[in-house]
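Colleague: In case you want the letters, here they are:
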Amino acid sequence: MKFSEICDRLGLTVETSLSHQPDLDPEITSVGAVDAATAGMVSYIEGAKFAQFVAKTGASALILPKDPTLQSQASDRNVAWVSVADPRLGFARAIGLFYQPYQPAPAIHPAAVIDETATCGEGVHIGANVVVHAGVTLGDRVCIHPNVVVYPGVTIGNGTVLHANCVIHERTQIGAHCVIHSGAAIGSEGFGFVPTPTGWEKMHQSGITVLEDGVEIGCNSCVDRPAVGETRIGAGTKLDNLVHVAHGCQVGKGTVMAGQVGMAGGVTIGNGVILAGQVGIANQAKIGDRAIATAKTGIHSDVAPGEIVSGSPAMPHRLFLKVAAIYSRLPEMHKTLRQIQKQLGGGL
Amino acid sequence: MKFSEICDRLGLTVETSLSHQPDLDPEITSVGAVDAATAGMVSYIEGAKFAQFVAKTGASALILPKDPTLQSQASDRNVAWVSVADPRLGFARAIGLFYQPYQPAPAIHPAAVIDETATCGEGVHIGANVVVHAGVTLGDRVCIHPNVVVYPGVTIGNGTVLHANCVIHERTQIGAHCVIHSGAAIGSEGFGFVPTPTGWEKMHQSGITVLEDGVEIGCNSCVDRPAVGETRIGAGTKLDNLVHVAHGCQVGKGTVMAGQVGMAGGVTIGNGVILAGQVGIANQAKIGDRAIATAKTGIHSDVAPGEIVSGSPAMPHRLFLKVAAIYSRLPEMHKTLRQIQKQLGGGL
Amino acid sequence: MKFSEICDRLGLTVETSLSHQPDLDPEITSVGAVDAATAGMVSYIEGAKFAQFVAKTGASALILPKDPTLQSQASDRNVAWVSVADPRLGFARAIGLFYQPYQPAPAIHPAAVIDETATCGEGVHIGANVVVHAGVTLGDRVCIHPNVVVYPGVTIGNGTVLHANCVIHERTQIGAHCVIHSGAAIGSEGFGFVPTPTGWEKMHQSGITVLEDGVEIGCNSCVDRPAVGETRIGAGTKLDNLVHVAHGCQVGKGTVMAGQVGMAGGVTIGNGVILAGQVGIANQAKIGDRAIATAKTGIHSDVAPGEIVSGSPAMPHRLFLKVAAIYSRLPEMHKTLRQIQKQLGGGL
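Residue numbers (the numbering used here), protein chains in the order written: chain A, 1 to 348; chain L, 1001 to 1348; chain C, 2001 to 2348.
Quick caveat, the hints were computed from the structure, so don't treat them as lab data. It should be emphasised that the depicted structure is a prediction, and the values quoted were computed from it without experimental measurement. One thing to keep in mind: the hints can contain errors.
Cut-off 30 Å, straight-line C-alpha distance, at most; resulting in silico cross-link-like pairs (BS3-like, lysine-lysine) [unchecked claim]:
1) A:Lys-322 / A:Lys-286
2) L:Lys-1322 / C:Lys-2202
3) L:Lys-1202 / A:Lys-202
4) C:Lys-2202 / A:Lys-49
5) A:Lys-335 / L:Lys-1253
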């Protein structure tokens, strides 16, 4: 594909080297990271940290931010460039021009075990050894990879993909264009036990899990169903691997959670929230829209909309930066304090 | 089901509105959360935090604590009520009156692959694509959901349930009435490697994992077997999702672990212990009976029976509350300290 | 097996009791932990902490460090002994003399579903319900346990073992003599999304995951593939259960990661690194060769080769020990500071 065609198809182009060097229109055959790219590849520069690579990259073309200096550097090296507002988005689209994801053709494998009361839409793919129980409803173009188990009464919307060995528990409702990655467990029993003098008594989990449209759930993540009512994950929300969503959590739309995030029961999370890796959220806490928690934050109480929090227990991120800087100087502070005490004649 | 019948069947009733308003005996058809319940539902009030909902709930009946004020409020609104010592336990039993968990009928699916040397008790269910290896013994009414793999020499007690896609490794012993949730790995090889000049040499894991009666293991949790001897989880202990139990751990009876708890090798945990989410416990540490660790606690040494610990490294919870409160004031303390130094003429 | 034969076969022997007591050559039938061993067992003493057990163990033979006192104690009790430089390594080898791991015979189960374009080496085992997709290449003596799914274009080297229900995603390259434990997901899609005004847009993950020879990946761990290029794990590196390796991470050789370690995208880890349980590493951080991070460490920036770090944010371990000791005395420091202020007449 000619570089000029890529520029046309990104749908993001602001300016390109073609207006200055119309003859520099290399044939591009693939995409690559800027520090590893070779001739025939298009790559990208994201932020100041990677700007040095304009002078070194082996790529034939670059997706740049709107930066005349970088544009000149690239032109001087005969590297074709296109400037866009968000080079990372540009690169994502460039990958999409070259990469053909593995997509099995519509078919139902003879080794799939499908209950006669289940219903399938048009163009579904059901892989080998998939088990689909009674009363399941699959939308059009649903793709179920091998060895998945779908318990009774589940509904799955159009175009949703279930990767190998994931498990969808009874009565779960999954929207359209969702992706459930390998080994994830959706709609499994919430962890509900009540202490009694003779041990922990199970509280049946009669509720359901609902994933709205466009949700992604990472490998081996778990989204439990509650005792009553719903666990719900809003449209367009994305969860990374090994995330734990307990019974009765309510997660908004367009929220992202990185790997190994965990939340206790009944947590409420707003729209557009970002939770970095290994964040934990306690029982019943409420996280406002567009709040951000940095990695390993331990949230014990509510977080206001738009707030950025860090630390455990969580505090405002700006405060945390100050606290953390002084934390490592505690031995020095302690020594100073003792010297002052001595000077003042007091005893510890 | 009439409200009066529910009261009879809870087995917990202390007092009901029926003695004051015998005609208020609504037909109850389901259970619901107090803030979402509608007519025909029974709900419950747990603690002061939810007491406000007595005045608002749409439920036809409530399970209340022994609280005359709440009883009056409910009666005034013509909401039937039953008071019990533990409303959450009452609600758990109420759910059990209405909810029929999915329970496949006794049968062995033709697509299950069962070694001829395996033995099955009465009334077992073995789902499609389950693989049961040589020398496995299944008790009566064992239920194995699809795509589970049971390695050789495993024994599984009466009434135990294995959910889809879990794996039970060689020689594991699972008691009666256990539940292994989807994707869990039980009796897998412990992480045993010895450093040598030519790399990490594997220490074979020749031991076994034992789960006593009534144990539950959450989705995608792992309970490894040790090099020699046993990893053991005591009767009635419940583990949530994504928990990691390393080789040689000894866990007592009636203990609970929330999501993403992890313990290193050889940890000993007593009876009735509570570990909140994302707690970590170091190698060989001993946790006494009825100890509690709050979320994200990092335990590096022994914890006494009944102790409550928090923080990382762990400390007594009451101390932690004080420490955490001052922690966020470190910048202020640091500033004060410098002012004092200046006042006293010292240099930092 | 006679004790004398064990000494010969360990390949590590420095000195044995046989030179002093040649008639004390007991028949050894198994291995056991020193506090649980009985007659006919060989056990071992690792470090001062377990030295007390020489005087108590029921074992017939012991693997000791080079310590004349322990040797005498054992001889006095008629316990045969062998001294080696590393008793734990000696014990690992002793286990290997007695323990025969479960190893299915070469065969392809009729219920395996293998694409006709896949190629298999000599002596492979493929269990029931395994699914092997198009273009997969399996080396000699590869062992695939039941219900594993191998996506298209994967290559797997000689002698590698895939445990039940793991998933190997498209184009992954796995070397020789690797072990992938139950439920692990290898080569799954990295968590790549770009924010746009209309929501998170997927960045296709066109790269691959490469595991070099001798890598082990624990149960339910995940190693994602990147948008472009490779996620790579070096030869002889071992990962415990529930570990998360994000897209584009580069892990060196002979590194070990304990349970529930997580790393964000693009992390670089050197050779011989040790990451203890629940460590987290932020985006793009670089960890030098032979560095060590203790349990729960949160690493936000680069760590130098050989450095030992602790805490979150991570700091040098020796500093952390001092900081942590003073941390729990913060309330006391705060009180002292206020007293000094009062004494000096200042107001907080």
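Colleague: Take the hints in turn and mark each one as holding or not.
Modeller: Checked hints:
1. A:Lys-322 / A:Lys-286: Holds, at roughly 25 Å.
2. L:Lys-1322 / C:Lys-2202: violated (45 Å)
3. L:Lys-1202 / A:Lys-202: violated (40 Å)
4. C:Lys-2202 / A:Lys-49: holds (23 Å)
5. A:Lys-335 / L:Lys-1253: violated (46 Å)
Hint violations for this structure: numbers 2, 3, 5, all remaining hints satisfied.
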